[in-house]
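Asker: Taken in order, these protein sequences are the chains called D and S. Take the first sequence: its position 20, counting from 1, is numbered 20 in this note's numbering, and each next residue is one higher. Take the second sequence: its position 192, counting from 1, is numbered 1192 in this note's numbering, and each next residue is one higher.
Hints were generated in silico from the structure; no laboratory data involved. A hint or two may mislead.
[As the list claims (entries may be wrong)] The calculated lysine to aspartate or glutamate pairs, modelled on EDC-like cross-linking and capped at a C-alpha distance of 16 Å, are: (1) S/K1186 <-> S/E1219; (2) D/K419 <-> D/E263; (3) D/K415 <-> D/E80; (4) D/K110 <-> S/E1255; (5) D/K419 <-> D/D233; (6) S/K1187 <-> S/D1207; (7) S/K1015 <-> D/D454; (8) S/K1142 <-> S/D1180; (9) S/K1134 <-> D/E43; (10) D/K304 <-> D/E223; (11) D/K110 <-> S/E1089; (12) S/K1142 <-> S/E1159.
[What the hints assert, rightly or not] Sample of chain D residues with no beta-carbon within 10 Å of chain S, all distances over it, derived: (13) R31; (14) R46; (15) L60; (16) F66.
Only a predicted model underlies this, so the values are computations on that prediction, with no experimental measurement involved. No residue lacks a Cβ here, since even glycine has one placed at the ideal position from N, Cα and C.
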Amino acid sequence: MISGALIRLFARGARAASAPGAAGAMAVSPRRVWAIARMTLLEASRRKVFAILALFAIALLSSTAFFPSVEPAGRLRLMEVWALRAASLFTAIVALFISGSSLPSDFEEKRIYMLVTKPVSKATIFLGKLLGLSLLLAIFVATMGMVTMLFIRGVQLLSGPSFPSMVARERLSDGQFEALRPASLSDASDEKRSYVTADTAGALVWRFTGLRRADFGDQIGLEGRFSVGSPTDQFRASGSIILEARASGGTHRVEQFLNTNEEKDWSIPAALLGPDGTLDIFFRCGDGDGFLGASRRDLALYLKPGLFEFAFARGLVLLFLQSMTVLSLTLMASAMLSAPLSILLGVLLYVVGSAYGYVKDGTRDIDRSLQELQQGKKSPSAPEEIPPWFLQFSSTVSKAVLRIVPDFDHFDFSKWLLKDKAVSGRDLAIAVGHAVPPVLVLGVLGMLVLAFKDFG
Amino acid sequence: MTTVLETNRLTKVFKDFWGRPKHKALDALSITINPGEVFGLLGPNGSGKTTTFKLLLGLIFPTEGTATILGRPPTDVTVKSRIGFLPEESYLYRWLNADETLDFFGRLFNLDRATRRKRADQLIEQFGLGHARKRQIREYSKGMMRRVGFCQTLINDPEFVILDEPTSGLDPISSRQIKDLILDLKKRGKTVLLSSHLLADVQQVCDRICILHQGQTKEYGPVRDILVRRDSVQMTFKDLSEGARLKIEELAKAEGAHLVKSENMLETLEDVFLRTVQESGDGLTYRKPAGGAPKENP
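So here's chain D without its partners, still in its complex pose:
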């Protein structure tokens, strides 16, 4: 059905594009875009779409029913989880249903006649809708954020000192990284990681520059994650490591036992930091037969906690960006498909985007199986009944999907909030980098689809 719609669209498109004056179909007038966006917002408000926010507030309030069964210290987490899940769900509903039904209802009720017969290009109509719905979504997310903060602060006020402090620490993870005397470990190697061993007295070194003493409290928090083990014992996944922090104000050394890939926190005195603002962190193996592996982004410094509300707002931007990708796809699809099909496509994007990591891992497994089969080996990871051509097909489709669909993990606010971490400027930039290209591409596609659509 979708392919049929596309074939018809492009057949028409070729005819329409050759018509004189067709170029005007793509001309965009900002004032008219704003007029349509404004009307979209106004109409949504009249349709009482914002009543969903009242449902959100009720959903949030209902979390208090579980307070007696949760210790006071856990109540903040309960509210955070509750608020994030509810915000995520309600934003998804709004993004899917409003964007999926806006254009189809204009087509069905023939209101589109009133727009296309005015000096408004079809591209302007699409952009106006996109802008109006994006603003609607932004209002939703912002209001949900404000309701959440008011609710949490209210509970904090009523709970007294037993309520846990609301912390969101911002990370710095852009240190220069290098491995001194690196080791090549064929079994443990991961192409993204560097390894050192105790034998070679190697070290993993991060250098942070431009640090300001005022950005930290008494202590500088560190968080790291390492591969730890032994080249001679493939079953060992833990070991001792030595941290040495060097700055112009002195040196701090600490030894720690940790498991492989375990996130570990350290503190070093902020007084070490001199006016040059440079801090070198060395990690070495503490065991004589051990190895240590990490990548650049596996170590982060924590700044002094900032205002929780500000950190929370940054997290909501991630939620907004995620919803924007879904909204753009659903709106673009709705320019040529019916509302239910467009919404279904939006749901599919949610599902694939959320399962991105699994799909990626699965594709890697399939490729490994194919490689093994090509080498004439019996693949332990691919059942015999699956023919190689199907594995190849699955791998190709998965790779294509992974190229198109953004990884929703970049928009996952909960992984920061529930660990008392703030979304850093870099996290935000990464999320923007993953959301903006698909939104732009889908926006242009939607404009083209509408430009060549006729309303017979």
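Start from chain D and add chain S according to the hints.
Answerer: Same frame as chain D, now just chain S:
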């Protein structure tokens, strides 16, 4: 003189899902409309009137043939700033009120705030919607929605007005008001293209017509040329006595003419209705348009 509208063998064939021809809605329509003319497109349901309008407004693309409006193709967005279109039904945003609706359409024409406000006020007053301007359109009657439709058609003071079934859904008073409005637009030099099932209305207001049937042009030309019967003469007298009538009949017979009908002249039902309603004094009044569509600021 440049034509306002010109079509050359304009054809539309609707196709099925697989692109196979399904129905020829319009077959080689070739018409021209001159400036200041009121042109009527007539035909029974399914004759291709609305398809023609959709083609002329760029809502659908022709299968064959060409059309130009004010010298530009229908797909040209800029030419639409000089056109006012009233669709067959009121496809309005039902959750907005009349003020918001007109403000929205005024914005689409890039009119500044003061002009939007002034024109909306004039049109709302002219179409008798002042008492309901703040009510949402979904609460309006069909006739009121139609009148809002007219307001949006004229919000840009268009040169060329396209009216699809303009009197459909209107009571006789409003219907008469629309006919007078069309004549007023003509008086002000505007060009009007309209379609209607109500042939008497068309006869009263149109200069030229085109009759379509099953997508094909059956008649095309000035209304008078199409309607005139060269073999019959109708004379209307006032205060003619019975005796004088008999003498005229006998004279005609002597000259070889055959009397077909001789009776007192009848008023139209519309005239009687309007007079009766106005005389009842219940507030329902017919107002002739004062100046028609709003004029540009001097």
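Asker: Please go over all the hints and tell whether each is borne out by the structure.
Answerer: Quick rundown of the hints versus the structure:
1. S/K1186 <-> S/E1219: 23 Å, violated
2. D/K419 <-> D/E263: 11 Å, holds
3. D/K415 <-> D/E80: Cα-Cα ~11 Å, so holds.
4. D/K110 <-> S/E1255: Violated - the C-alpha atoms of S/E1255 and D/K110 are around 61 Å apart, more than 16 Å.
5. D/K419 <-> D/D233: Violated. D/K419 to D/D233 sits at ~33 Å, over the 16 Å cutoff.
6. S/K1187 <-> S/D1207: 12 Å, holds
7. S/K1015 <-> D/D454: Between S/K1015 and D/D454 the Cα gap is close to 12 Å, so the pair holds against 16 Å.
8. S/K1142 <-> S/D1180: It is violated: about 20 Å lies between the C-alpha atoms, which goes past 16 Å.
9. S/K1134 <-> D/E43: Distance ~15 Å between S/K1134 and D/E43 Cα, so the pair holds.
10. D/K304 <-> D/E223: Holds: D/K304 and D/E223 sit about 14 Å apart, inside 16 Å.
11. D/K110 <-> S/E1089: 9 Å, holds
12. S/K1142 <-> S/E1159: Judged against 16 Å, a Cα distance of about 27 Å means the pair is violated.
13. R31: Non-interface label on D/R31 violated, nearest chain S Cβ at 6 Å vs cutoff 10 Å.
14. R46: 4 Å, violated
15. L60: 28 Å, holds
16. F66: The assertion about D/F66 holds, with a minimum of 39 Å to chain S.
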